[in-house]
Every structure is written in structure tokens, then in C-alpha cells.
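> Next come the chains, spelled out residue by residue.
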Amino acid sequence: EPEVTQTPSHQVTQMGQEVILRCVPISNHLYFYWYRQILGQKVEFLVSFYNNEISEKSEIFDDQFSVERPDGSNFTLKIRSTKLEDSAMYFCASSESAAFTGELFFGEGSRLTVL
Amino acid sequence: SQQGEEDPQALSIQEGENATMNCSYKTSINNLQWYRQNSGRGLVHLILIRSNEREKHSGRLRVTLDTSKKSSSLLITASRAADTASYFCATVPSGSARQLTFGSGTQLTVLP
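Going down the list, the sequences are from chains W and Z.
For the first sequence, my numbering begins at 964 and goes up steadily by one.
For the second sequence, my numbering begins at 273 and goes up steadily by one.
Check the hints yourself; a few may be wrong.
For lysine-lysine, the following PhoX-like pairs were computed, each having C-alpha atoms within a straight-line distance of at most 25 Å [to be verified]:
id : chain 1 : residue 1 : chain 2 : residue 2
1  : W       : K1041     : W       : K1005
2  : Z       : K298      : W       : K1020
3  : W       : K1005     : Z       : K342
Far from chain W, some chain Z residues (derived; all Cβ distances over 10 Å) [said to hold, decoys possible]:
id : residue
4  : L283
5  : S284
6  : E289
7  : T292
8  : S296
9  : K298
10 : R326
11 : H329
12 : G331
13 : L383
Hints were generated in silico from the structure; no laboratory data involved.
It should be emphasised that the depicted structure is a prediction, and the values quoted were computed from it without experimental measurement.
Positions of the beta carbon are idealized from the N, C-alpha and C atoms, including for glycine.
All chains, full assembly: derive it from the sequences and hints.
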């Protein structure tokens, strides 16, 4: 069964360092998302991406964050200068259609620990 | 204001019993979805109910939606130990096409 894959599964970094989290969405999906979940808290929306551009972004997704689809398969989230509060599980998701019409398929997540 | 608040926060039942989780939300929605998350894992979509539907079934899952009360419930019948997980409702707030807003979740523990 097709699935969303994410790498790395766990990354430890020093505060101020750049981090890139990678995702391979399901191949025929058109919409891509990043969500994050701080330990013990809600899953929070970061950004949605469609047709090679950002569709929506939340207040969390500030100038330190960027997303890119560098080729036909990968979808990346970059955090330019990590802060302690960026420590969280980051989930990539994809869907065939916009969220209001269908389900999202989530990856297993990348756990980011900022020291 | 919070969109998608689950109740109870935690629920512990015996295997074979039914589990009911509730979700309340504040804004108009296009649909409401329920997801499951095993500890430390990704979210898995369980069921979607549209705003013009009142009830939906999928296997041992039954979801109801009351748009007048802005609430939904998820019923898992004949629970199994493997159903132990966190369950989240998620909505798309009015005016947003692609932003799912998740509730805080119900941690379900099914004791063998």
C-alpha cells in the first residue's frame, strides 16, 4: 500500500543550526502538508503546498521555515536557525484532494530535538 | 477559542466493551475527520463525515455529527487491546480549504 515516508526519523541538532526534514509523498497526490506535534500537545498545522507554491500557512510558519519540492518526489521542510521550542515531531502528509474533501495520509514523523 | 476539543481526555475500558469519545468544535465545517495515533507514530485516518451527514459506519466504528450542537462522537464497539491509542477529531474551519485543525485527543486504553 502506498505510504508517505519521512527522513530522518530522529534528528538532534544544536540551537541555531539549520535542519532539513525530508518527505516523499504518495506519488499521485497533489497536496502536501507539514504538521508538528510538541510532546504532549496538539497536532498543529504548519503549511500546505499545491502546484509548487504555498497554499496556506499558520502563524507558526514564520520566516525561519521554508518548504520546497526540489524534484518530482521529495517535499522538504527547512528550519533555518533552530530554537529550543522547535523541538517536536514533524509530520508530513499528502492528499489527492483538498482536506475538506478527503483524508490526509501521514508519514511516521521526524522527531527533532534541539539542544 | 479552540476548535476540536475531545472529551474525555483519557478513557480506560475492558476488552469487549464499547468506547465513546466526543468532540466539540466552534466554527462551521465542511467535514469532520477522526484520526488515530499510536504512541510515537503517525496519524492514521479512520473516518470522514461530511457536514450534511448525521451518522456514518465503518467496521466497528460509528461516527455521529450534530452540526446544530457542533459536536461529533466516535464509538468503537467490541474494543480490543490493539485499539489502545490516541484518537483525534479534526476539522477544516470555515474559510480554509486545506488546513486541518486537530483537537487535543482522547487517550484510549483497552485492558485485556
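> Taking the hints in turn, state whether each one holds.
Do the hints match the structure? See the list:
1. K1041(W) x K1005(W): 21 Å, holds
2. K298(Z) x K1020(W): 21 Å, holds
3. K1005(W) x K342(Z): Holds, at roughly 20 Å.
4. L283: 17 Å, holds
5. S284: 18 Å, holds
6. E289: The assertion about E289(Z) holds, with a minimum of 26 Å to chain W.
7. T292: 21 Å, holds
8. S296: 14 Å, holds
9. K298: 15 Å, holds
10. R326: Nearest chain W Cβ is 18 Å from R326(Z), so the label holds.
11. H329: 16 Å, holds
12. G331: 15 Å, holds
13. L383: Given that every Cβ of chain W is farther than 10 Å from that of L383(Z), nearest at about 23 Å, it holds.
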